[in-house]
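Enquirer: In case you want the letters, here they are:
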Amino acid sequence: MTAGDRVRFALSGLGQTLITCGLIVLLFVVYEVWVTNIFADAKQHSVRTKLIESWQDAPTTGSSDQATVPALPLPGGAQSTTPIGSGLAVLYIPRFGKDYSRAIVQGTNDASLEKGPGHYVGTQLPGEVGNFAVAGHRVGKGEPFLNLDQLKPGDPLVVETKDSWFIYKVKGDTATGDLSTAGVDGVPGRQIVNPSDGQVILPVPNHPGQKATEALMTLTTCHPKFTATQRMIIFSALSRTVARHGDTLPTELGGTL
Amino acid sequence: MYVWLWRHLPGTTALRLLQALLLVAAVAALLLFVIFPWVEPKLPINQVTVNGQ
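Note that the protein sequences, when read in sequence, are chains H and R.
Just so we're aligned: 199 in this note's numbering is position 199 of the first sequence, and the numbers increase by one with no gaps anywhere.
Just so we're aligned: 30 in this note's numbering is position 30 of the second sequence, and the numbers increase by one with no gaps anywhere.
Heads up, a few of these hints could be off.
[Unchecked claim] Quick list of in silico lysine-lysine cross-link-like pairs, DSS-like style, CA-CA up to 27 Å:
{"#": "1", "chain 1": "H", "residue 1": "Lys43", "chain 2": "R", "residue 2": "Lys42"}
{"#": "2", "chain 1": "H", "residue 1": "Lys98", "chain 2": "R", "residue 2": "Lys42"}
{"#": "3", "chain 1": "H", "residue 1": "Lys162", "chain 2": "H", "residue 2": "Lys98"}
Calculated directly from the structure, the hints in this document are not laboratory data.
Looking at chain R on its own, in the form it has when it is part of the complex:
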């Protein structure tokens, strides 16, 4: 997958590196700001109240 992606990024090695970093940043942002906040309340890791309040 990563090899395939690297081959299909256009431009010089420097440009490809820049695009790869941008892609990583975009995926990380999607995870941190959309997916994790959505999935976190569903996981049994951080409930602090008694009696389900």
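If we strip away everything but chain H, and leave its shape as in the complex, we get:
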């Protein structure tokens, strides 16, 4: 083997290694934006089926608690009894398409968020005065909040529970379409914050210790896409509540309720 052969051998080895690395990175992208969705969709489907079944099995009157774990004391005085990882409610966002709906699961650990949007344990439940806060993946893992940046002021966010439909409307100025405009309560429609800013999920967002008078729903996801540098926060306020009536949908979802 001449010196030239050795150089050629080393260079081709290096080239092959680099190409291999490139292919592995490409495969990782495929995994992240496609394969994780397949796993997550299966989990979401299973959680949702169980949730709907539990609604049908349980008596239709009375409170919605399924006392399977010890109740946790919550800031709002309410009790959350849904076990971590189980379904809690179903979220519909017409802006994301007619068919968009996801079962919200209890808890925001990795396992819960892989099943669907996760309810921050310790924040309020749907419809309660205070803050019903939900986190969701933006890319991969079912990507429930992929298009969270496309929400506009006044867009309905519909939450279905065993007994009720809760219709929240995204905050911000509906006249100008400006999401950053804060209402009389000081809460805007959208805020981009640092990951450590836990104040956005307080009963009165960004105001520790203040007593809540409004029923809010807050959605959190990563921002910008594919990074964990910041968080995008969407605030919405409860606009109306209707009792469930069979399979009839609220008007926001094309029904008559």
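Since the structure of chain H is already known, use the hints to place chain R on it.
Expert: Just chain R, lined up with the frame of chain H:
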């Protein structure tokens, strides 16, 4: 590496091709189902909660 592997696969060209494809599939499966799920939570790409919850 790839040349070495190709030389050491036994059989006709068709058989070698089949084995090479199986090897690629095995490596891809190992990456997709074992290595990526393990490494992904350690990367700062998909954290969606505030306050580390």
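Enquirer: Tell me, in ascending order, the numbers of any earlier hints that this structure violates.
Expert: 2
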